[in-house]
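Engineer: Heads up: the protein sequence lines correspond to chains A and B, in order.
Residue 904 is where the first sequence starts when you use the numbering used here, and the numbers rise one by one after that.
Residue 6 is where the second sequence starts when you use the numbering used here, and the numbers rise one by one after that.
For the record, the hints were derived by calculation from the structure and aren't laboratory data.
The reader is advised that the hints may include incorrect statements.
Said to hold, decoys possible - No more than 30 Å apart at the CA atoms, straight line, and that leaves these computed lysine-lysine pairs for DSBU-like:
#  : chain 1 : residue 1 : chain 2 : residue 2
1  : B       : K43       : A       : K931
2  : B       : K155      : A       : K1064
3  : B       : K139      : A       : K1004
4  : A       : K964      : B       : K134
5  : A       : K1064     : B       : K82
6  : B       : K158      : B       : K82
7  : A       : K931      : B       : K134
8  : A       : K964      : B       : K109
9  : B       : K158      : B       : K134
10 : A       : K964      : B       : K43
11 : B       : K43       : B       : K155
12 : B       : K155      : A       : K1004
13 : B       : K158      : A       : K1004
14 : B       : K134      : A       : K1004
15 : A       : K964      : B       : K139
Here are the chains, one letter per residue:
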Amino acid sequence: MTRTYEAIVALVRDTLVDAGSTFRADKKAAYQRAIDTERNEQARWVLEQVLANAEAAERDKSPLCDDSGIPHLVLEVGEDCAVTGRMLDAIREGVAEGLRKLPGRPMGIMGDDSHRIDQSGGLNPDSAGVAPAPILLRRCKDNVIRLHILMFGGGPAIRAKTYRVFHRHSTQVVLDEIVGWAREGVAQLGCSPCTLAVGVGRSHFEATSMMLQAQVDGKYDEQSEMEREITRRVNEANIGPLGLRGDTSVIATFMKVGPQRASGVRIVCVRPACCFEPRIATVELQ
Amino acid sequence: MVQLSTPISEEAAASLQVGDTVEISGYILCGRDAVLPKVLKMIEDGTVAELGVDLHGQVIFHTAVSPAGVGPTSSNKLEIESSIAPLSAAGIKLHLGKGQLHPKTIAALDRCNAVYAVIPPVTALLGAKTTEQKVVAFPELGMEALHLIKVDKYPAIIGAAHGRSIYDQDL
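Build the full structure now, drawing on both the sequences and the hints.
Structural biologist: This is the structure:
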């Protein structure tokens, strides 16, 4: 079914609000499991606060965090579906309306290139002044056009890392490096427990896009052996929620490994997504 | 659970211990990276009284104040952490944020009988506990201006007091 421009705008608007205000069911269950097993009293208190915050945000359709995030969009296209420029315009308008409705934090920086770097151009007072990141497009099996909206906060962006790893023909070497980066990033983040988003690719662009897709595809109740190992080893660092120590530094790891090149190097991206991320919601536009 | 009301007395501040769970009520200040250096400049220039807010016994919450609500930013950012010692000397009794502070900052807090508290980033819950807000100074900074808000039972954990830190491994 082809939807009208206005219908797409409304769907995208409401999906963005859901992304910024809602925990998915598997994430709520993961938090409850963590609360039930956490041995540190202060850590358990923080986990309970984060889950209670999620319930309040979902009920009120209000932001989970005052850093409401930068919209990142993944568009999936089925076999017989066509994406038009007009549809992209409707998506962009829906994002703007969603940011106003949430409401998002008005943190768009105005001005020319130099002004936007040093923040001397001032803040756009409109929540919709926060432009979304470039859209990532990928094929899907279902014959639909499906949009995933993710809201990326600033803290995880500061502590994320994308760099090369010389693998020495050992997966364990790469996993060790990921664990090392993650321990450092989670400890510095402050807003743990994290969901670690990991991408492995042939370039910085590819590794980062894998990290983004890992957050779309990842499930808290379905973890691969590598994902479980990373989570377990970072949790052994005793960083804990908000860095206050405890068993729960990481709730889960979402990892996506792309095609690799014949080479001794892998490009790895690790994002310590904060206690509210991935903030994601999904809608079918056609 | 320890109940704290602003202004916080010297005695109340001295009684706080690392790991205490507290609830903070009353009027508190909000400021972060952009505005705190400007407040320090006013203290240096002897013009801080122009703020119209008595800093003695006050709380400073490291947050922006926007339509999205409030929530802690990292207190160990350069401009924020470097404000903790001089603001404590000027009378601030509790710095509210998140993240690990450096030992010299923790020592400076102790010298001034001030503390640092960690607040979970629970914006949706804090929204229901925030009843008033107004800009005190530097309105051109928008959400990063110096704000005064009225809060009811903000939850927090004392993260640094009496020269000790909750992030120390031996605690």
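Engineer: Against this structure, judge whether each hint is valid.
Structural biologist: Hint check results:
Under the criterion of a C-alpha separation no larger than 30 Å, the hint pairing K43/B with K931/A is inconsistent with the structure, at around 42 Å. Proposed proximity of K155/B and K1064/A is contradicted: the alpha carbons are some 39 Å apart, above 30 Å. Restraint check for K139/B and K1004/A: satisfied, since their Cα atoms lie roughly 22 Å apart, inside the 30 Å limit. Distance check on the hinted pair: K964/A and K134/B sit about 17 Å apart at the alpha-carbon level, within 30 Å; holds.
Distance restraint check for K1064/A and K82/B: the Cα-Cα separation of roughly 18 Å lies within the 30 Å cut-off, and the hinted pair is therefore satisfied. At most 30 Å may separate the alpha-carbon atoms for a hinted pair to count; K158/B and K82/B meet this at roughly 26 Å. Restraint check: the Cα-Cα separation between K931/A and K134/B comes to about 23 Å, which is no more than 30 Å; the hinted pair holds. Taking the CA atoms of K964/A and K109/B, the gap is about 42 Å. The hint is violated against a cut of 30 Å.
Straight-line distance between C-alpha atoms of K158/B and K134/B comes to about 7 Å, which keeps the hinted pair within the 30 Å bound. Distance hint between K964/A and K43/B is unfulfilled; the C-alpha atoms sit about 35 Å from each other, more than 30 Å. For the hint linking K43/B to K155/B, the alpha-carbon distance of about 22 Å falls within 30 Å, and the restraint holds. Simply put, K155/B and K1004/A have alpha-carbon atoms about 25 Å apart, close enough for the 30 Å limit, and the pair holds.
At most 30 Å may separate the alpha-carbon atoms for a hinted pair to count; K158/B and K1004/A meet this at roughly 28 Å. The straight-line distance between the Cα atoms of K134/B and K1004/A is roughly 21 Å, inside the 30 Å bound, and the hint therefore holds. With a C-alpha separation of about 24 Å, the suggested pair K964/A and K139/B falls inside the 30 Å cut-off, and the hint holds.
The structure fails hints 1, 2, 8, 10 (numbered hints given earlier, in ascending order).
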